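Visitor: Single-letter residue listing:
2 protein chains.
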Amino acid sequence: MSNRWIQPGDNVDITNERKKCTFDIEKMSAFIHGGEDKLQRRREILEYVKSNKSLGDPQPIEFMTRNERVENASRKIVEMTNNTDQIDGSDFFGEGMYYQALTMGRDLHAMSLHYVMFIPTLQGQTDDEQLDHWLSLAIARAIVGTYAQTELGHGTNLSKLETTAHYDPKTEEFVLNSPTITAAKWWPGALGKSSNYAVVVAQLYTQGECKGPHPFIVQLREMDTHKPLKGITLGDIGPKLGINGSDNGFLLFDHVRIPRRHMLMRYSKVLPDGTYIKPQHSKLGYGTMVFVRSIMIKDQASQLGAASTIAIRYASVRRQGEIIPNSGEVQILDYQTQQYRLFPQLARAFAFLFAAYEIRDLYMKVTEQLTHGNTELLPEIHALSSGLKSVVSWDTAQGIEQCRLACGGHGYSQASAFPEIYGYAVGGCTYEGENIVMLQQVARFLMKAAEEVKKGSANLAEICAYIGRKGEQHSRFTSVDSYRDEDIVSDLEYVARQQVFRAYEKLRKAQQQANSETAWNSCSVELCKTSRWHVRLYLVKNFLAKVSTAPSDLRAVLHDVARLYAFDIITSSSGNFYENGYMREDQMNEIREGVYKCLHRIRPNAVSLVDSWDYDDRELKSVLGRRDGNVYPALLEWAKQSPLNKTEVLPTFDKYLGPMMREAKSKL
Amino acid sequence: MSNRWIQPGDNVDITNERKKCTFDIEKMSAFIHGGEDKLQRRREILEYVKSNKSLGDPQPIEFMTRNERVENASRKIVEMTNNTDQIDGSDFFGEGMYYQALTMGRDLHAMSLHYVMFIPTLQGQTDDEQLDHWLSLAIARAIVGTYAQTELGHGTNLSKLETTAHYDPKTEEFVLNSPTITAAKWWPGALGKSSNYAVVVAQLYTQGECKGPHPFIVQLREMDTHKPLKGITLGDIGPKLGINGSDNGFLLFDHVRIPRRHMLMRYSKVLPDGTYIKPQHSKLGYGTMVFVRSIMIKDQASQLGAASTIAIRYASVRRQGEIIPNSGEVQILDYQTQQYRLFPQLARAFAFLFAAYEIRDLYMKVTEQLTHGNTELLPEIHALSSGLKSVVSWDTAQGIEQCRLACGGHGYSQASAFPEIYGYAVGGCTYEGENIVMLQQVARFLMKAAEEVKKGSANLAEICAYIGRKGEQHSRFTSVDSYRDEDIVSDLEYVARQQVFRAYEKLRKAQQQANSETAWNSCSVELCKTSRWHVRLYLVKNFLAKVSTAPSDLRAVLHDVARLYAFDIITSSSGNFYENGYMREDQMNEIREGVYKCLHRIRPNAVSLVDSWDYDDRELKSVLGRRDGNVYPALLEWAKQSPLNKTEVLPTFDKYLGPMMREAKSKL
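Protein sequences, first through last, are from chains U and V. Under the UniProt record's numbering, the first sequence is numbered contiguously, ending at residue 668. Under the UniProt record's numbering, the second sequence is numbered contiguously, ending at residue 668.
Accuracy of the hints is not assured; some may be wrong.
[To be verified] For lysine to aspartate or glutamate, the following EDC-like pairs were computed, each having C-alpha atoms within a straight-line distance of at most 16 Å:
id : chain 1 : residue 1 : chain 2 : residue 2
1  : U       : K506      : U       : D481
2  : V       : K454      : V       : E505
3  : U       : K597      : V       : D485
4  : V       : K546      : V       : D485
5  : V       : K655      : U       : E68
6  : V       : K665      : U       : E222
7  : U       : K509      : V       : E593
8  : V       : K646      : U       : E593
9  : V       : K227      : U       : E648
10 : U       : K227      : V       : D654
11 : V       : K506      : U       : E47
12 : U       : K170      : U       : D273
Hints in this document: simulated from the structure, not taken from any laboratory. Treat the numbers as computed from the prediction; the structure is a model and nothing was measured.
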């Protein structure tokens, strides 16, 4: 079988790995990326990005100072958005994300929030007249906007934001103010230095009453000079764990006046005399949130896939230690412990990617339903996407670190790209809804479902139908070979259901002794566990179902990966499966052996499985994960670019260490 | 009770927390740090460091470029070592580590390896004449040395190092050479720019035979100009996940000649004619390794303690969300989920610190025994310290990230210090023996013990006596309140013993089907689990024992912490306790409730518990973890120092974003 990943001059070990592949890689890549046409488009976008030198970095960004990184990112984002005709702008989930990943790497940039939050907010929250005015400016890039909601002292709980917008009917203006330091807007991407506009969320006061948080469009900087406007203090919030090419910022208002019509008035309005008009619909934007989540989940899957690719490729070229004495050092990928560290991460990446596709499709289904006024699926899918966001971002972060640690010392170097990948991905545990808060939202939904089941009034959609099912009393497992997909799902459903009702009963009991909120808090750890099982069940089910739709010659290898994913979950939480005698120890021991069997079966295809994710070196930006496996000379070349190596002797040698040694010597 | 941590002007919430404290903090601090005299010395060292402005940073290091950090670190290390008379040099475990932590923070520096590896190697490996010559130079700081062993392509497996030292009897010299790129020395701290000497480990060749890796002392740079000597290529290996103030380096030799007597000849020798004299003892340095491990474990405990301190203090001043509607936002420390994230980390920090003390004491006991030729305890303690190193470094890294994530968005900022703490601490999973390799070493020891037990010939020392005990068939647990320390230990012993014999049987079976090494590899995941249980058992046992020696008025609160540590381990691995019907579900459910009870009991003392670790703001270097709790104004002040804020408008605005917007505007 031809294999486009094998090229002359490659490391011999990695080539041998590729020759062992038992499936058609191109077909697998097409399956992973949603079809041959999508794969073809990836290749075209890659060619374009490679051909446009201005979309590249003059040197690896890890050698740049933060100011240089911010400048470099702003240069590239202008060039990138100058050339959006190269991609299908309507397909951000596919082409847009790939184009951006190739160009901007793992740093956000001056216009991240412009596209992801500023423009969508204008589209969703302005009335027609406002939309005409602002949207054209934003789309033409005549202004650069961000979205300023979070404050120094306030995150998740919007109702307590402190920034105020007092309406003054005399001048028909709002007065924006930050009454305290904790009211400072804090974190918005590109707020510090790049943006000259922002949608600002502030507590609206009119006619002496607070009407809660509302969005306003606010000019922050002068158009020509880019200097902050009077009454506005803003700046960069400093370096972070990751995304240091982005100027996340802070913003303080000192009685800044904006015209009345700068309040975004699609839903609520303030009339010239100060009369407040309430919004007609209260819960909006659920749909968009689900779409943003599907993108996040895909992005996380992609980061974990990249980490797996780097670590598995490196483990195939790194030789260390001998399994059999005097028979030569082995590829570290041959160690069972190494496989146990790495392959489950790859399996997770698949599980998460397939879930992202599914959420995107569900989003489209719900959007379609909503146009007919049908909101049936909305709560279920909103809960699922919140839960997925939490579980996926956490497992991704953990998985990336496992991949990094599996590369030993070299994983610690920024040459590996792991520090950058981790810093970027782990942010997903916090932004777009802190994970623990998200899990509790999911739990509220599940507790409602449990209540309905108890009352016999449940009408549960497919995703949580298991809560209402009776299910088996004992696992149907007899042997790993005869362990069918539906048995696996049934076993996970048992545990998920048990946990739902365990939490439900605990909560009910607690509610008899305390008010409902205190009771909830006293059960919150168990409630979070409940949500996690709900999500894990979904991930396994969806993964197995997806595999069954794969071209028949891909199914065997994908099935190994999916089963590894499921078996790993089951054996890592064996206690849950033992409860009420549902599973026996001999069954669990067999499944544990099943994990090792899966590792063994995946081993020969491991490199090709990651190849089929179709990462170009341009996207990985990792010396350890190079396609050609020629890691060591590349590490040396990379290191030589370190700014410390600009001179043979650091200019500061003569200030400290030199005099110290000379003085000591003179005294001896 | 007076509380030195309460001061005027502090945040009200944190002061109220401190007022709730039920124990004597000073007494607790003394207990944690090994006595009142030790605590007193800490305070004196702190005063000195604060009083010497040259030991401080001109600005927070997170705003410096890497070159600036390296320069700053080299300035401070010279000043620090100019003033070693301020501490008791014989007490590195106590005073030395504290002095260094206060001065150098979480960056290593130009002389880290000079003191930790270069000088000890000289002391251990030179003959008397060599020692006279080199040790005085090193101690006087007339030379700066490092220890160069690891190579680009070779880490753990020393026998395959590629650097060669060929003896030439004609000139009585060794010729050092790096025959390949993978032979490049890679990673040694301070090798890139700072050191002018190194102990280099190379394969010794004489009279046509390879005698394996041996240490040589090699001059790398000219004394005066600090330029690399002829035939020597060296430099910095580039930025890393952490410790970026250190110039970890690479080194290549092109047939560099050194005198015969630059081979360190305490054990092996090469005579002028090339005759090789074998070492008399083969296994040496075990003792030193144990000492280094005790320091590492203490350092890890200290990092996790710092992370817990930051997160718990911040959780006491951060208010977000309402548990009871309209009753005001609560301290996030009141959420059960937050307590469940944070308190187990604090409990681990205690467990690890107490283990470090114990290992240090055992080291001294063993050293004492060794002087009488008694090596009885050595293998046991070596195995234990290897296992502790693995479990502690992994749990510490995980724990730090939990603390960081529990601080939400602000945890992601470098102002929190978490990115720095994590980057520094997680390195411990890899250096001084990669964790998975370490765990397998421990497992070899445990399998030998199991074999002896099976044969009835076991003579096990206390640490692994449990392997030979019969133990209970069922847990003695009846209720959380009556769950005695010895019952807890007995339950953990059951699981640890089960796992030892499970792995042993699996290994024996595998050995019947394959050669011993392949069999080992096929069981290695289970073997690592075995080692982890061995260590966890030790940690719990040691923690409970240590608490029982605490002053009586401290015992109650410490006991809550120790039990939380144990209950968390038990409930996180419930499956292991269910096996063979050892524990019942109702017992496990009670222990799970016991976790929540411990959280509840620890809650009022949480801030004071971390206060009693006695971290000064100078050591924490965290805006979120400030003693005074005045986090928000400090965050704003910190951010203002960001290099991006030096000008209101970035100079690059007129290069990219400015022209883009102007052009767009002109076209509208």
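Visitor: Return the numbers of the hints above that this structure violates; sort them in rising order.
Guide: 1, 3, 8 and 11
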